[in-house]
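K.L.:
One-letter residues, chain by chain:
2 protein chains.
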Amino acid sequence: MKTVPSQEPSKPTLSEVSERAGVGRSSAARVLGGYGSVSAYTRDRVLAAAAELGYETNELARSMSTGVTKTIGVIVADLANPYFAGVLRGVSDTTRAAGYGTIVISTDEDQKREDEAVRLLTAKRVDGIIVAPAGGRQADASALRSAIERGTPLVQIDRTVDGLDADAVVLDNRDAAREATDYLLAAGHRRIALAWGPAVPTEQASVADLALAARTTEITSVGERYLGYADAFADAGVAVDPLLVMTGEQTAEGVRDFLAGVLGTDGATAVIATEQDAVIASLGEARARGLRIPQDLSIVSFDDSPWAEVHEPAITTVRQPLRALGENAANLLLARIAGEAPGPTVTHLSSEFVDRASVRRVKRGGR
Amino acid sequence: MKTVPSQEPSKPTLSEVSERAGVGRSSAARVLGGYGSVSAYTRDRVLAAAAELGYETNELARSMSTGVTKTIGVIVADLANPYFAGVLRGVSDTTRAAGYGTIVISTDEDQKREDEAVRLLTAKRVDGIIVAPAGGRQADASALRSAIERGTPLVQIDRTVDGLDADAVVLDNRDAAREATDYLLAAGHRRIALAWGPAVPTEQASVADLALAARTTEITSVGERYLGYADAFADAGVAVDPLLVMTGEQTAEGVRDFLAGVLGTDGATAVIATEQDAVIASLGEARARGLRIPQDLSIVSFDDSPWAEVHEPAITTVRQPLRALGENAANLLLARIAGEAPGPTVTHLSSEFVDRASVRRVKRGGR
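If you read the sequences in order, they're chains F and Z. All letters in the first sequence, in the order written, are residues 5 to 371 by our numbering. All letters in the second sequence, in the order written, are residues 5 to 371 by our numbering.
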């Protein structure tokens with residue numbers, strides 16, 4: 005075991021470093037503070053002396069003078085969601101390669117916590133922020149806007165807020181949902197439940213209510229998925245039954261309540277589960293009702309997970325390029341920090357349909 | 005939609021705030037800087053004036069004068085592991101209730117990244133750090149030690165480094181593994197594989213090699229689990245077969261390579277999978293070999309997950325109190341930050357055995 009002195013020697017000062025390096029105090033300050041310019045010779049001598057003496061720069065003081073902290077902040081909606089874990093891996097691998105530290109804050113899908121997170125990160129003087137906004141499209145984004153106006157570059161991931169003047173990297177959720185729905189329609193299903201859809205406060209939402217919520221109030225990814233679902237029905241010349249679209253509380257419990265209805269009297273033969281929580285709740289509700297997958301209920305999930313492949317049956321899924329999403333967002337942010345990049349851009353990444361064993365082919369005309 | 009001015013007005017100064025509040029500049033500075041004392045009347049007037057003018061304190065500057073940042077840092081080994089997501093939830097709920105922001109850094113089980121994370125967090129002047137050390141028991145903990153010696157309170161979670169003078173909150177991994185092994189032995193199993201066990205660099209590890217690695221070089225949680233497994237065998241008067249303990253690379257691929265051996269010639273009838281990756285790899289390898297669970301292979305997992313309950317069959321598991329672990333660690337850290345708490349303490353939390361359907365009862369004598 006390594007022996008470490010229990011008493012640390014008193015901290016070396018800048019003057020001691022400059023003395024040992026044999027250079028002026030101001031040169032040493034420039035090297036250790038990371039500002040101004042010095043010769044390579046001076047730089048090497050100062051760094052060697054600092055290392056020998058165990059000198060540590062006070063990054064707080066340095067940040068105040070240079071305005072650069074070599075740190076980016078990431079605000080995610082839910083750290084317990086494997087979706088964001090995948091995205092974070094892509095972000096941190098990219099930023100780390102560029103010499104940046106990454107700090108993460110989770111908002112648990114709460115707008116107020118997001119505002120706090122933005123304030124904390126700007127107070128810590130991060131060089132840029134990547135955020136998955138927790139509110140809907142029309143959320144009060146004043147904290148995000150304020151950060152941008154104060155010069156902190158910002159990139160949105162997964163969702164966007166209307167009118168926010170910032171880059172965004174999102175998945176093509178509309179296309180992904182259309183593909184999943186097409187697949188089920190082609191397999192002969194007509195009664196296809198969507199869990200979850202846009203939250204609508206009325207008891208019985210109409211198709212018009214759903215479309216309006218999807219385009220205005222909803223978290224963009226959720227709204228886009230409903231629109232893709234509706235696209236596929238329109239293409240197939242089949243009417244959307246709004247009873248089959250979940251409009252209530254977007255939680256595992258909400259999914260089970262919703263399915264309790266649609267698997268009974270509403271006669272759903274398939275469900276598209278767009279979140280991990282929705283997938284697991286759907287499998288749980290099917291089991292509780294003695295429904296076998298896929299014989300009695302077909303399922304297509306979003307957000308592939310390692311367990312989905314070893315599930316019995318293996319779950320057919322729309323796999324999203326989570327790591328690529330994180331990498332793209334990080335690269336955009338780094339370009340902004342470097343002063344590059346033109347006006348705000350929105351990057352769409354495509355998903356991949358993974359055909360496994362959780363969908364049954366039904367005879368046309370049957371249900 | 006809320007209208008926000010596209011041009012922000014110039015930032016208000018401290019003097020403007022004190023003028024509007026009708027108090028002296030130094031009183032305003034004390035209120036906004038969070039140091040010294042002022043009357044409730046002055047405090048209210050200053051905060052109201054600051055809110056009206058949109059004044060924002062420069063937290064960086066305030067931190068330098070007060071030394072308090074109301075932020076704690078958490079360093080986890082792997083953000084993609086649901087284990088740490090559960091722990092983080094417990095930490096952030098607790099720290100948030102106490103008015104602290106929480107920032108998280110993932111090390112991906114890499115000692116060098118952990119050192120960087122400690123440096124980054126101390127440079128950001130967090131008030132305390134919670135860390136799941138990435139190295140083994142005898143890791144070079146000089147970065148952690150240095151943080152403690154500079155006055156940053158530190159609490160270890162999940163694992164500990166030998167000789168580090170810091171609080172720790174850990175799960176009783178030895179007891180949990182003993183309980184899982186007891187259960188399988190009582191069900192009649194004798195050929196019980198452990199994935200994973202301590203990493204041992206030799207080709208064929210002996211029981212003595214395993215015990216030594218578990219007590220010295222290994223990450224404490226992994227080491228303790230092996231010791232609990234061995235305890236149960238000793239209690240049952242059955243010898244541990246070191247061939248059934250995985251000593252290689254601690255990854256999903258490592259698990260599959262290991263199982264390819266022990267499910268064939270070594271005749272394992274059960275596996276204890278101590279990590280999410282190991283559980284999923286075990287289920288995958290069983291499926292690839294056409295082994296049914298539990299008829300052909302029994303499995304007990306650690307770290308309960310939502311999907312384990314809806315798996316077919318539902319997975320018998322050792323559920324760990326992840327949120328409680330996070331809460332305990334956060335409370336210890338907050339007490340240290342407040343200057344309370346005596347010498348370093350180690351808190352052990354117990355797991356809960358959840359009996360589901362992935363273990364087969366075998367006839368004694370048979371296998």
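Bear in mind the hints are in silico, worked out from the structure with no lab data behind them. Quantities reported herein were computed from a predicted structural model and do not represent experimental measurements. A portion of the hints provided could be inaccurate.
One copy or two, it doesn't matter: identical chains are merged, so the pair holds either way.
Once the Cα atoms are required to be at most 20 angstroms apart in a straight line, the calculated EDC-like pairs of lysine to aspartate or glutamate come out as [to be verified]: (1) 74 / 253; (2) 74 / 119; (3) 367 / 56; (4) 116 / 97.
K.L.:
If a hint holds in the structure, say so; if it does not, say that too.
P.N.:
Now the hints, each set against the structure:
1. Neither within a single protomer nor between protomers do residue 74 and residue 253 lie at most 20 angstroms apart by alpha-carbon distance, with minima of 40 angstroms and 34 angstroms respectively.
2. Taking CA atoms no more than 20 angstroms apart as the test, residue 74 paired with residue 119 passes between copies only; the shortest distance there is 16 angstroms, against 22 angstroms inside one copy.
3. Proximity of residue 367 and residue 56 under a CA criterion of 20 angstroms is satisfied in neither setting, with 78 angstroms inside one chain copy and 67 angstroms between copies.
4. Taking the closest pair of Cα atoms, residue 116 and residue 97 come within 20 angstroms of each other only across two copies (14 angstroms); inside a single copy the shortest separation is 29 angstroms, beyond that limit.
When held up to the earlier numbered hints, the structure conflicts with 1, 3 and fits the remainder.
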